[in-house]
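Enquirer: Take a look at the letters that make up each chain.
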Amino acid sequence: MRYLGFRFIRSILLLLGVSLLCFLFTEIAPGSFFDEMRLNPQISPETISAMEARYGLDQPWPDRYWRWLRSIARADLGYSISYNVPVAPLLWSRAKNTLLLTISAMVLTWIVSVPVGFWAAVHRGRFADHMVTVVSALVVAIPEVVIALSFLAIAVRWRILPVGGMASVDSDGLSFLAKQSDIGLHMLLPTLILVTVESAIIVRHVRASVLEVLEAPYVHAARALGISQVRLLLRHVLPVAANPAITLLGLSLAGLLSGSLLVEVVCGWPGLGPLILEATLARDLYLVIGGLMLSALFMVGGGLFADALLLLFDPRIRTGGVDAH
Amino acid sequence: MRIRTAALIGLLLVLHLGLLLAGFVAPYSPIAQNRQLSYAPPTKLHFRDYTGWHLRPFVYEWMIAPDGYVEDQSRAYPVSLFVKGHSYKMLGLFDASLHLFGTTEPGKILLFGTDGFGRDEFSRVVYGGQISVAAGIVATLIALILGSTLGMIAGYYGRWLDEAVMGATELFLSLPWLYFLLGVRAFLPLHLSPLRTFFLLTCVVGLIGWAKPARLIRGLVLSIRSRNYVLAATGFGASNLYVVRRHIAPEVMGNLLTQAALLIPQYIAAEVTLSFFGLGVSEPLPSWGNMLSNLQQYSVLTSYRWLMAPAGALLITSVTYYLLADALHSRLKSRST
Numbered sequence: 001m002r003y004l005g006f007r008f009i010r011s012i013l014l015l016l017g018v019s020l021l022c023f024l025f026t027e028i029a030p031g032s033f034f035d036e037m038r039l040n041p042q043i044s045p046e047t048i049s050a051m052e053a054r055y056g057l058d059q060p061w062p063d064r065y066w067r068w069l070r071s072i073a074r075a076d077l078g079y080s081i082s083y084n085v086p087v088a089p090l091l092w093s094r095a096k097n098t099l100l101l102t103i104s105a106m107v108l109t110w111i112v113s114v115p116v117g118f119w120a121a122v123h124r125g126r127f128a129d130h131m132v133t134v135v136s137a138l139v140v141a142i143p144e145v146v147i148a149l150s151f152l153a154i155a156v157r158w159r160i161l162p163v164g165g166m167a168s169v170d171s172d173g174l175s176f177l178a179k180q181s182d183i184g185l186h187m188l189l190p191t192l193i194l195v196t197v198e199s200a201i202i203v204r205h206v207r208a209s210v211l212e213v214l215e216a217p218y219v220h221a222a223r224a225l226g227i228s229q230v231r232l233l234l235r236h237v238l239p240v241a242a243n244p245a246i247t248l249l250g251l252s253l254a255g256l257l258s259g260s261l262l263v264e265v266v267c268g269w270p271g272l273g274p275l276i277l278e279a280t281l282a283r284d285l286y287l288v289i290g291g292l293m294l295s296a297l298f299m300v301g302g303g304l305f306a307d308a309l310l311l312l313f314d315p316r317i318r319t320g321g322v323d324a325h
Numbered sequence: 001m002r003i004r005t006a007a008l009i010g011l012l013l014v015l016h017l018g019l020l021l022a023g024f025v026a027p028y029s030p031i032a033q034n035r036q037l038s039y040a041p042p043t044k045l046h047f048r049d050y051t052g053w054h055l056r057p058f059v060y061e062w063m064i065a066p067d068g069y070v071e072d073q074s075r076a077y078p079v080s081l082f083v084k085g086h087s088y089k090m091l092g093l094f095d096a097s098l099h100l101f102g103t104t105e106p107g108k109i110l111l112f113g114t115d116g117f118g119r120d121e122f123s124r125v126v127y128g129g130q131i132s133v134a135a136g137i138v139a140t141l142i143a144l145i146l147g148s149t150l151g152m153i154a155g156y157y158g159r160w161l162d163e164a165v166m167g168a169t170e171l172f173l174s175l176p177w178l179y180f181l182l183g184v185r186a187f188l189p190l191h192l193s194p195l196r197t198f199f200l201l202t203c204v205v206g207l208i209g210w211a212k213p214a215r216l217i218r219g220l221v222l223s224i225r226s227r228n229y230v231l232a233a234t235g236f237g238a239s240n241l242y243v244v245r246r247h248i249a250p251e252v253m254g255n256l257l258t259q260a261a262l263l264i265p266q267y268i269a270a271e272v273t274l275s276f277f278g279l280g281v282s283e284p285l286p287s288w289g290n291m292l293s294n295l296q297q298y299s300v301l302t303s304y305r306w307l308m309a310p311a312g313a314l315l316i317t318s319v320t321y322y323l324l325a326d327a328l329h330s331r332l333k334s335r336s337t
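Taken in sequence, the protein lines are chains A and B.
Numbering follows the numbering used here, in which position 155 of the first sequence is assigned residue number 155; successive positions increment by one, without gaps.
Numbering follows the numbering used here, in which position 8 of the second sequence is assigned residue number 8; successive positions increment by one, without gaps.
Since the hints were derived computationally from the structure, they do not count as laboratory data.
Any given hint might turn out to be false.
Sample of chain B residues with no beta-carbon within 10 Å of chain A, all distances over it, derived [said to hold, decoys possible]:
#1 ARG4
#2 GLN36
#3 TYR50
#4 LEU93
#5 TYR157
#6 SER174
#7 VAL230
#8 ALA249
#9 VAL272
#10 PHE277
#11 LEU314
With the Cβ distance kept under 7 Å, some of the chain B side facing chain A (calculated, not the full set) [said to hold, decoys possible]:
#12 LEU175
#13 TRP177
#14 LEU182
#15 PHE187
#16 PRO194
#17 ARG196
#18 LEU200
#19 GLY235
#20 THR273
#21 VAL300
#22 TYR304
#23 TRP306
Some chain A residues flagged as far from chain B (calculated, every beta-carbon gap over 10 Å) [as the list claims (entries may be wrong)]:
#24 ILE9
#25 PRO62
#26 ALA254
Treat the numbers as computed from the prediction; the structure is a model and nothing was measured.
Glycine residues also receive a C-beta, built at the ideal position from the N, C-alpha and C atoms.
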């Protein structure tokens, strides 16, 4: 439990650091949302400075940072300048979709890559193992944009899957169940892209960590004692190999979140990605910072989740036998 | 193994030389528009007409028909090497008008077809590659120089410096990098001259990327520093500079090269992604990213498949670099054991 508490405090510190970083960037960066308004002769300088005062942009950044921190504590992320609504509900409505996409992609990725990586490691050196290694290496080497665009092109060209948005145009009239399956169908393409990209990485890691365990002396000893292959693999190899794989969970979440930004924009999935992109294009400061913080929150949360899982699966950490680092 | 590495390096050299001499390789200007030839498909190279087979390929002109483009077979244009065409600046320095290949006007050789403005896609891929690949290389240099310097300092001096640097890397790694990239881009002015955009972009990508190499180098330095021969050298009174120069730098260099081969394709993809989002190099200047951004419209994506050409170029570059990284990595491993 102390281990988890330690991790938790660390995560909070990390989030604080990220927020400070964001504010430092805003300070260093030239230009602001109002720059283009200033060029407009119809808007007087007084109006602009009044607006700046309203959004608190005329104060020095440590003051703004302090105020922003205090408002975060009240779950208030500031005000979006371009949408003219509070940031928090806006972000949340989109974050739900991103989470839906990312989490289902993550679950699918693990369902696919753990057995494949395990299987490849057990059949090391055989044709199938070579196939897995080569294909995963190739997928890792292909940039995500290319994969996403190719998948999209195939789906659109042969009308295999619905693309664009989250639901069909006429989905309002559907029953509840039909609506869910409609969303599921629209989710299939972005999920597929994410799973393809991410599982290529995870398969390689799982394969490597299982290979390492298979080389361990105790596995040879167990084999010599005559334990059946199935029992050896499931009872003695899998739990040990799971440790590095679980640590990977946090890492894979980072990849998935980055990937989902791109995939959401390409596939028109109404998640955080397109929102952040629009906010970037409109220089909507608080929205961008809010989005960044939210993505950092997801990552840190994922890391914490992985730590909790590790605690559950690895007795060495539970008993404090290994250093928590 | 050595042959494979040499072949990969040769391939990359040819690729980069081609991009460097873009004006020579590309038959047309990347920004010359031709509204009559909007979305023309790739020109077909012919070797055969009614008189029989020819050794020299020839092309026909595209003619607009009610249902798309058809070949105007009334006149053939021979394709030849080293032809005079529009003038350009070789390497940005001196004027030239020689091109690797071309055909006689008014015939046109459009290897990858044209885009919506009738600009030659092949020429744009070559010129765009110049920008995208240069962005990848410069960003990698920035990330590696920054990362290895900080990593070395952290690994060598340890204590609070190590803590501080590693804390900072954790901070930089705790954001999904694409969100981070967009976020930082949001704080920079949106409309800039292409050259300034290019430099800002590469700086941003490089600055965000320092954390991973820094961790790698730090770990490496830590392990080298505790080796017996290094401890012995320090014991005999070797200065810090001597240890770094003699023992640490050589080993770090090999790893840095591998790391560079891994990072360059990633950072090329980063530039492509940003430009794809409309946040990078802007029209009319081509980059692989802003060329691909037209494909965000489904109609363009499905009807004009040849516009995927920049994606193909990106794919080839990326896979070659990864193969090189793999070859370098296994060479390093075989040397250390």
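Enquirer: So is TYR50 (chain B) really clear of chain A, every C-beta pair being over 10 Å apart?
Expert: TYR50 (chain B) clear of chain A: closest Cβ-Cβ about 35 Å, beyond 10 Å.
Enquirer: Checking a non-interface call: every C-beta of chain A should be farther than 10 Å from the C-beta of SER174 (chain B). Is that right?
Expert: About 5 Å separates SER174 (chain B) from the closest Cβ of chain A, which leaves it inside 10 Å; violated.
Enquirer: Is the interface hint for TRP177 (chain B) satisfied, with its Cβ closer than 7 Å to some Cβ of chain A?
Expert: holds, 5 Å
Enquirer: Using Cβ atoms and 10 Å as the threshold, tell me whether ARG4 (chain B) really stays out of contact range of chain A.
Expert: About 14 Å separates ARG4 (chain B) from the closest Cβ of chain A, which puts it past 10 Å; holds.
Enquirer: Classify the label on ILE9 (chain A) as holds or violated, using whether its beta-carbon is more than 10 Å from each beta-carbon of chain B.
Expert: At about 14 Å from chain B, ILE9 (chain A) clears the 10 Å cut-off, so the statement holds.
Enquirer: Identify whether the interface hint at PRO194 (chain B) stands, where standing means a beta carbon of chain A within less than 7 Å of its own.
Expert: violated, 18 Å
Enquirer: Less than 7 Å between beta-carbons is the criterion; does ARG196 (chain B) satisfy it with respect to chain A?
Expert: violated, 11 Å
Enquirer: For the hint on TRP306 (chain B), just tell me whether its beta-carbon gets within less than 7 Å of chain A.
Expert: violated, 12 Å
Enquirer: Using Cβ atoms only, decide whether VAL300 (chain B) comes closer than 7 Å to chain A, and label the hint accordingly.
Expert: Status violated, d = 10 Å.
Enquirer: Under 7 Å, Cβ to Cβ, is where THR273 (chain B) needs to be relative to chain A, so tell me if that hint holds or is violated.
Expert: holds, 6 Å
Enquirer: Was VAL230 (chain B) rightly flagged as not at the interface, with every chain A Cβ beyond 10 Å?
Expert: Nearest chain A Cβ is 24 Å from VAL230 (chain B), so the label holds.
Enquirer: Regarding the hint that LEU175 (chain B) lies at the interface with chain A, is the smallest CB-CB distance below 7 Å?
Expert: With a closest approach of 5 Å, the LEU175 (chain B) hint holds.
Checked against the numbered hints above, the structure violates hints 6, 9, 10, 11, 16, 17, 18, 19, 21, 22, 23, 26; every other hint is satisfied.
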